[in-house]
Amino acid sequence: MVFYIIILIVGAALLAWMLYVKSYKESVRTVFIKTGVSSCFMLTAVVCTSIRASSGAGYSLFQYFVVPGLLFGLLGDVWLGLKNSQGKEQGSFTLAGFISFLIGHLFYIVGMSFCYGSGNPLYIIVPILVGICLGFIMGFGEKLMKVRFGNYRTIVIIYGCALASMTLLALSLAIKTGWTVKTLNLMFIGGVLFLTSDLILCQMYFGKADEKSVVFTAANLITYYAAMFIIASSLMFA
Numbered sequence: 001m002v003f004y005i006i007i008l009i010v011g012a013a014l015l016a017w018m019l020y021v022k023s024y025k026e027s028v029r030t031v032f033i034k035t036g037v038s039s040c041f042m043l044t045a046v047v048c049t050s051i052r053a054s055s056g057a058g059y060s061l062f063q064y065f066v067v068p069g070l071l072f073g074l075l076g077d078v079w080l081g082l083k084n085s086q087g088k089e090q091g092s093f094t095l096a097g098f099i100s101f102l103i104g105h106l107f108y109i110v111g112m113s114f115c116y117g118s119g120n121p122l123y124i125i126v127p128i129l130v131g132i133c134l135g136f137i138m139g140f141g142e143k144l145m146k147v148r149f150g151n152y153r154t155i156v157i158i159y160g161c162a163l164a165s166m167t168l169l170a171l172s173l174a175i176k177t178g179w180t181v182k183t184l185n186l187m188f189i190g191g192v193l194f195l196t197s198d199l200i201l202c203q204m205y206f207g208k209a210d211e212k213s214v215v216f217t218a219a220n221l222i223t224y225y226a227a228m229f230i231i232a233s234s235l236m237f238a
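Going by our numbering, the residue at position 179 of the sequence shown is 179; the numbering climbs one at a time, nothing skipped.
In silico lysine-lysine, DSS-like type, Cα no more than 27 Å apart, as pairs:
id, residue 1, residue 2
1, Lys208, Lys143
2, Lys212, Lys143
3, Lys146, Lys208
4, Lys212, Lys146
Across the chosen pairs, the derived CB separations fall in these ranges:
id, residue 1, residue 2, range
5, Ala218, Gly56, 39 to 47 Å
6, Leu129, Ala57, 29 to 37 Å
7, Phe140, Gly91, 15 to 23 Å
Treat the hints as calculated values from the structure; they're not laboratory data.
Just so you know, even glycine gets a beta-carbon here, dropped at the ideal spot from N, CA and C.
Generate coordinates for the entire structure from the input sequences, incorporating the hints supplied.
Shown next as structure tokens:
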């Protein structure tokens with residue numbers, strides 16, 4: 001547990017440093033710092049898995065889905081970080097970031113379905129169908145959201161479907177288990193924070209919000225990293 005706390009403190013310190021650096025100028029250095037913060041949530045997953053195993057509960061099958069999901073999140077961080085420091089290749093890095101995070105959410109969806117979805121299949125089918133509907137509503141709701149997706153509309157829709165489905169699936173399975181499974185509760189909280197972070201990022205990338213705004217940047221990164229650390233921490237109870 002001591003290592004867990006230390007990693008959280010180091011991660012928070014690196015995040016504060018990154019926000020400080022980004023408030024002055026976006027550079028390749030921020031990519032390295034961001035990778036450091038992301039490495040901390042990967043370490044959090046490893047430590048939480050070890051804590052669970054040392055408690056006598058053994059290793060959880062769920063870790064084989066969450067850890068790859070977090071790894072793709074780390075890759076997404078790197079791609080989006082490079083987007084801000086590479087002029088002509090911004091589009092390619094943005095797309096790579098979307099795809100990486102998309103794959104991560106798919107890992108979470110499959111993992112929750114496989115490990116906690118036994119019984120009534122409606123607890124899996126309904127949230128995924130609703131999530132898909134929400135993804136399409138977001139993709140074609142540019143006027144309502146006051147954004148313009150342009151060439152990114154397709155990937156935004158697919159990604160939105162996956163993120164909404166992941167969050168709603170965690171909620172559905174948490175309700176199914178009577179909120180007694182801490183892993184699912186944390187996955188749901190992480191999903192809500194992820195949604196919040198991406199809605200902010202959506203305004204920064206495709207809306208009228210200033211992408212260099214310190215306030216929007218801080219809100220986006222704090223909610224995002226809170227989501228990732230919470231998802232990683234869910235392995236302590238898996």
